[in-house]
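**Q** Bring the two chains, given one by one in their own frames, into a single complex with the hints.
Listed below, chain by chain, are the residues.
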Amino acid sequence: MVIATKFTSNYVGYKKGKGLGSLNASGNHRRSLHVSLRDSLKKLQTDWIDILYVHWWDWTTSVEEVMDSLDAVVKQGKVLYLGISDTPAYIVSAANTYARATGKTQFSIYQGRWNVILRDMEREIIPMARHFGMAIAPWDAIGGGK
Amino acid sequence: MEERKKNNENLRAIMGSGDQSENEKNISAALDKVAKAHGIDSPTAVALAYVMAKAPNVFPIVGGRKVKNLQDNIKSLDIKLSGEDIEYLESIVNFEPGFPNNFVGPDPHYGEKPGPLVAGVAPMSYVQREKPIGHE
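Residue numbers (this note's numbering), protein chains in the order written: chain A, 21 to 166; chain B, 7 to 142.
For reference, chain B alone in the conformation it holds in the complex (with noise of 0.2 Å):
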């Protein structure tokens, strides 16, 4: 950030402010940290595997103002993100379902455990659906 600074390359700042954020402060240090543990130096790399990781048939949109951006972009198709990595990514910034997901829960079968009305009839278990490209 502080070698854009200095090099006079502003921010996008066509929605919101021209400045980072605190949650976009953070989560730059959190994806920074997720792609180092995956042995590459590009935060975007991993933001990208990120929403590959999560469903399937994802096809991020993409842009950019140098090569290098494009480099990025495309190390994030050889990123598998673990279900820890993806848990950690998520902690950084609260995210709430609302209700109704929060009150009958996620679709078990996709790996999430069963929301409490199901689960308090009967212990079950869910044939697990495909799991998206981009996670591990």
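Excised from the complex, chain A in its bound form (with noise of 0.2 Å):
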């Protein structure tokens, strides 16, 4: 068995509601980072996480906070390997590029939405995940049954 999970949306939403409350539990920062590792550590029952992954692009935080964090969390031994999911193609490579280049985690594996009729990720997203060696994760495979 493989626990993946992900950060980055409002998983306190439902208490906290739209505005402040919500914002330093969700985003690519690495305060929400914190936060929603620790919770879903105690959700879970567990202490690690096979596979985290940050959940969508934010556009607000920087690659290097991200992975700066990200692999802090590697180190401690709460997390084994990264993913990234719902991302451009260029930041990723980004990212990959900096943590190779500093004796960081890199991101093993993308997720993303791909099926037969929805191949846009052909275009950079695949031979990106190529390139770096990563694994992927296609969502709505199956076109959600339709």
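Hint data in this document are derived by calculation from the structure and do not stem from the laboratory. Remember, predicted model here, so these are calculated numbers, not experimental data. We put the CB at the ideal spot given by N, CA and C, even for glycine. Each statement offered as a hint is correct.
Not the full set, but computed from the structure, chain A residues with beta-carbon under 7 Å of chain B:
1) Trp134
2) Arg139
3) Ile146
4) Ala155
5) Ala157
6) Ala161
7) Ile162
8) Lys166
**A** Here it is, written out as structure tokens:
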């Protein structure tokens, strides 16, 4: 069994609502990662996550901050591998290049929407995954059964 | 599809409508045809086999409402699609690789023909890289 989870989406919205109360617990920034991972470990009753994904690119956090804070939780042993989902190829490429150049942990897997009639990922994402030796986890792979 | 309507099993409506589009109808028929050629009755297994045949290390995320859906998903692991199967499936709905992919061409190390720019310089052969496990 492989346990994967994500951070970024506003997981406290149901109690804090839209606005300032939710900001620190959503997005790609270090604080969001810190509290989201802490709460995921508690909820899943485990002391490590096999794959932790960045859920979607939020355009507010730098590549360096994201990779530095993700690498920290890997080195703490709380996360074993990193994944990224719903993010442009050039961002992921910049992130992996930065991680490799600085001895940090690169993304091992990309998750995105891909199926036989929605093939956008073949333009940039699939070749990028090959280049960096990343696996691919397609969602909507059977087009919602339609 | 008729069977599902009769049983009041609606299609997924979280993104887009709960009905099948023309493209979805056509690709479902094509997936069914390829499935039958491989001796199975599950178009969804072929849809999963397709992404696993296109790139290495692909792990499709699957869901489902019934045990049969799960069994169909598992069947996809036994299917190896041929180049012809893939070409046929990709002929049903148009896909434009867009610039710069359609300008420099695809990576010729994966069975694709080199683009016109490099092909215009000299005939070249390319060491072929590994094929995905879902590919014949």
